[in-house]
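Asker: Can you make the complete structure from the sequences, with help from the hints?
First to last, the protein sequences are chains H and S.
Numbered according to full-length UniProt numbering, the first sequence terminates at residue 482, and the numbering increases by one at each position without gaps.
Numbered according to full-length UniProt numbering, the second sequence terminates at residue 322, and the numbering increases by one at each position without gaps.
Don't read these hints as lab results, they were simulated from the structure.
You may find that some hints are simply not true.
[As the list claims (entries may be wrong)] Quick list of in silico lysine to aspartate or glutamate cross-link-like pairs, EDC-like style, CA-CA up to 16 Å:
{"#": "1", "chain 1": "H", "residue 1": "LYS86", "chain 2": "S", "residue 2": "GLU202"}
{"#": "2", "chain 1": "H", "residue 1": "LYS86", "chain 2": "S", "residue 2": "ASP26"}
{"#": "3", "chain 1": "H", "residue 1": "LYS86", "chain 2": "S", "residue 2": "GLU213"}
{"#": "4", "chain 1": "S", "residue 1": "LYS14", "chain 2": "S", "residue 2": "ASP37"}
{"#": "5", "chain 1": "H", "residue 1": "LYS86", "chain 2": "S", "residue 2": "GLU153"}
{"#": "6", "chain 1": "S", "residue 1": "LYS14", "chain 2": "S", "residue 2": "ASP26"}
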Amino acid sequence: MTETPSTDARTLEPAPIAVDSVSVSFGDISVLEDVSVTVDPGEFVGLVGPNGAGKTTLLRTISGTLEPDSGSVSVDGVDLQAVSSKASSRLVAVVPQDTTLSFSFPVADVVEMGRHPHRSRFSPPSRDDREIVEQALERTRTADFADRPIDEVSGGQRQRVVMARAIAQETPALLLDEPTASLDINHAIETLELVRELVADGRTAVAAIHDLDLAARYCDRLVMLADGGVRAVGPPSAVLTREALADAFDANATVVPNPVTGTETVTALPNAVDSAVDSHEAADRNGDRAETVRLEHDGGRETHAHVVGTGTTAAGTLARLAAADLSISAGPVTHGVVTETAARLEAETITVDPHTPLSDSQRRALEDAVGDADVTILADPVVSSGNECVLAALESASPLVVTDRQPLEGRLFAGETARARYDRLRRRALETSPETVLEAVQCVLDGDESGSDRDEAGVTPGLAESESESVRTSPNSPLSTD
Amino acid sequence: MLGPVRIDPVTVSKAVLNLTGVVAYDVPSAHQTIVADVRLPRIALAAVVGFALAAAGTVMQGFFRNPLADPSIIGVSTGAAAGAVAAIAFPTVVPFSSVHVPAFIGAVGTAFLVYAIATEGGRTPVATLLLAGVAIQAFLGALISYMLVHSGENLREAVVWMMGHLHRSSWSDVTFALPVTILGVSVLCAYTREMNVLLLGEEDAHHLGVDVERTKLLLLAVASIVTAAGVAVAGVIGFVGLIVPHILRLIVGPDHRILLPTSALAGASFLVAADTIARLDSLAFPFGLEVGTPIVPVGIVTAVLGAPFFLYLLTKREVHEL
Numbered sequence: 001m002t003e004t005p006s007t008d009a010r011t012l013e014p015a016p017i018a019v020d021s022v023s024v025s026f027g028d029i030s031v032l033e034d035v036s037v038t039v040d041p042g043e044f045v046g047l048v049g050p051n052g053a054g055k056t057t058l059l060r061t062i063s064g065t066l067e068p069d070s071g072s073v074s075v076d077g078v079d080l081q082a083v084s085s086k087a088s089s090r091l092v093a094v095v096p097q098d099t100t101l102s103f104s105f106p107v108a109d110v111v112e113m114g115r116h117p118h119r120s121r122f123s124p125p126s127r128d129d130r131e132i133v134e135q136a137l138e139r140t141r142t143a144d145f146a147d148r149p150i151d152e153v154s155g156g157q158r159q160r161v162v163m164a165r166a167i168a169q170e171t172p173a174l175l176l177d178e179p180t181a182s183l184d185i186n187h188a189i190e191t192l193e194l195v196r197e198l199v200a201d202g203r204t205a206v207a208a209i210h211d212l213d214l215a216a217r218y219c220d221r222l223v224m225l226a227d228g229g230v231r232a233v234g235p236p237s238a239v240l241t242r243e244a245l246a247d248a249f250d251a252n253a254t255v256v257p258n259p260v261t262g263t264e265t266v267t268a269l270p271n272a273v274d275s276a277v278d279s280h281e282a283a284d285r286n287g288d289r290a291e292t293v294r295l296e297h298d299g300g301r302e303t304h305a306h307v308v309g310t311g312t313t314a315a316g317t318l319a320r321l322a323a324a325d326l327s328i329s330a331g332p333v334t335h336g337v338v339t340e341t342a343a344r345l346e347a348e349t350i351t352v353d354p355h356t357p358l359s360d361s362q363r364r365a366l367e368d369a370v371g372d373a374d375v376t377i378l379a380d381p382v383v384s385s386g387n388e389c390v391l392a393a394l395e396s397a398s399p400l401v402v403t404d405r406q407p408l409e410g411r412l413f414a415g416e417t418a419r420a421r422y423d424r425l426r427r428r429a430l431e432t433s434p435e436t437v438l439e440a441v442q443c444v445l446d447g448d449e450s451g452s453d454r455d456e457a458g459v460t461p462g463l464a465e466s467e468s469e470s471v472r473t474s475p476n477s478p479l480s481t482d
Numbered sequence: 001m002l003g004p005v006r007i008d009p010v011t012v013s014k015a016v017l018n019l020t021g022v023v024a025y026d027v028p029s030a031h032q033t034i035v036a037d038v039r040l041p042r043i044a045l046a047a048v049v050g051f052a053l054a055a056a057g058t059v060m061q062g063f064f065r066n067p068l069a070d071p072s073i074i075g076v077s078t079g080a081a082a083g084a085v086a087a088i089a090f091p092t093v094v095p096f097s098s099v100h101v102p103a104f105i106g107a108v109g110t111a112f113l114v115y116a117i118a119t120e121g122g123r124t125p126v127a128t129l130l131l132a133g134v135a136i137q138a139f140l141g142a143l144i145s146y147m148l149v150h151s152g153e154n155l156r157e158a159v160v161w162m163m164g165h166l167h168r169s170s171w172s173d174v175t176f177a178l179p180v181t182i183l184g185v186s187v188l189c190a191y192t193r194e195m196n197v198l199l200l201g202e203e204d205a206h207h208l209g210v211d212v213e214r215t216k217l218l219l220l221a222v223a224s225i226v227t228a229a230g231v232a233v234a235g236v237i238g239f240v241g242l243i244v245p246h247i248l249r250l251i252v253g254p255d256h257r258i259l260l261p262t263s264a265l266a267g268a269s270f271l272v273a274a275d276t277i278a279r280l281d282s283l284a285f286p287f288g289l290e291v292g293t294p295i296v297p298v299g300i301v302t303a304v305l306g307a308p309f310f311l312y313l314l315t316k317r318e319v320h321e322l
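Answerer: Written as structure tokens, this is what we have:
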């Protein structure tokens, strides 16, 4: 081991971890079935998956606590079951989810216990040991309370002490079980930043992390587990897909890049408007996913929705529509969160440059999109003198839903005529919020279908009243003006 | 100095110095005998037994992570009592020249039995061990009662033995208990770091390089042997192994590297003090008993002193966990 000039941390040689077709069962209950995972040296791999998926069991199997019924586990090529505790504790350090610390050892003593694997029975701690313990205390910012009894520090501090102990253990592999579970967000970030540093020092790390966004942000690769099996392995962007989340979590979720970190952000949405009908479907799971809203139109043809808007209002609206399996398109919009979300959702988008009037081709594309759409949705669009033609295009759109959140004043950069045109659009639209856009779409589509009889068009069918009070129907039905 | 026969401190000092063989003070031979062959071995034995019980108690409490654990928790003391009572009550059936040997065998045998019952598939869950200990103790308790009922004229001796006694201590008792205690406690002292790590829980301890099952077996075996050595010569003396470690934990903290030796020394001091009270003539004479009658076995003194003090600590919420 050598000192690196840049940091105090000692450089280690990271160890590869290989889990080869491992099965573990507790009595009759099979917890892991034929799980294979390979972790390369110096990688930070996150185990994600719903509760009971087997994340902790897999960690405990890797650490050698559990002996697999079949298959093999090796760390640095060593079968931990076959070697002494001392030998295995020099290879793998474990940060458990909760540590029983109901006695009053000083924090420094607990960290010093991490040196146990490296010390012989009768020797007092060497200078090396003491230095390593001190560094571990410094790195985890626990040095300030090193003399306090461990049972008197807070939960977050205690977690850091256990991290310090694992650091002092100086192992080439580090296993963490929900290291952020009991921490508030800044400590969670701090802990994972520290894990990244430790990986950079030359460790391989595997962590069970239930927070998918944090896992995506900090892990090199993710392993998604569900029902005791591996559902997906790969970089976060490849693992955290709508399909995989639906498969593993039974969740109706959207995945979009986080505008700040650029990594995947998972947002779970309520499963279904009509979930009660299909509640047994989840158990059967014969389809690729269960219980999501499916809006059908025209005898099963996919419903197409076009979204005109900006910011999170438009992005959220798009995500919800996509989650309900509508085909979606968006624009015109400048590059940003909406275009990124749309790209992630594979929606066709009319992207324009900022402060540039719509070109003719863009305008035609918009007219086509609105013309093709079964429903057009306004989600905080910016109305400027350069794009007043957008309003013109929307005038032919029907039906119309508005999910505006920002007041028009903040996004109106055109004259009074534009305001009047926008107000006219709004008056004939069904006004709602991004959260309830699906109900509103359902509502206007049903209105459209029954619309062959125009007399009844003013009555909005029952969904709005029963499902969501927040859907405000405008006095004019989508079809009553023209 | 203290005891049914009053001997002034100077004479005692002279008698003790005479034992070294370097000097030869003129001490009345009766006094010389009382000091050298009655009181000194008794004090020495109290020290050894207190040392052994407190050390074993410290280990057991740490091992079981249970504040109520004491050396008898896995049936060591009851086993010793069963062996001793059998030898006292039925000298013809269980012929041993000294009660030590059957008591020691009973103690270690019981500990082994409890361990064997609680072990399954190479693992010995601590809770199972505790429960098995409780069950075996209940069974042995019944056996002891049966033997007492049929012990006839030996009943009194058997009961006194069970109450914990140091009154007929001889140097042979000391030579029986001392080597086992010294050896055993030395081994335990070598494992204090493992005991500390084990306080984190068995899984964590395993991850920190402690061979959990092997260490548990070793600690249990050695603590049982040390307890057995003490109990075999002095009978069942309660509370030393329970409260001394607790009090010392309050004073020096949970670190076994310090706690174990200090507890052992404190246990030795405590038992010597308790036994000094036990043999005060003021306690013996009011009953008009002859000199040397063990009217108050030391086990009663330790319990009478220990129980209220323990309750005091409990209500002050000083003793909750380890």
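Asker: Does each hint fit the structure? Answer for all of them.
Answerer: We went through each hint and held it up to the structure:
1. A hinted pair counts as satisfied when its Cα atoms are at most 16 Å apart, and LYS86 (chain H) with GLU202 (chain S) qualifies at roughly 14 Å.
2. Restraint check for LYS86 (chain H) and ASP26 (chain S): the C-alpha separation of about 62 Å exceeds 16 Å, so the hint is violated.
3. Restraint check for LYS86 (chain H) and GLU213 (chain S): satisfied, since their Cα atoms lie roughly 13 Å apart, inside the 16 Å limit.
4. Pair hint LYS14 (chain S) plus ASP37 (chain S) holds up; C-alpha atoms about 14 Å apart against a cutoff of 16 Å.
5. With a C-alpha separation of about 57 Å, the suggested pairing of LYS86 (chain H) with GLU153 (chain S) is violated against the 16 Å cut-off.
6. Restraint check: the Cα-Cα separation between LYS14 (chain S) and ASP26 (chain S) comes to about 8 Å, which is no more than 16 Å; the hinted pair holds.
In this structure, the hints that do not hold are numbers 2, 5, in rising order.
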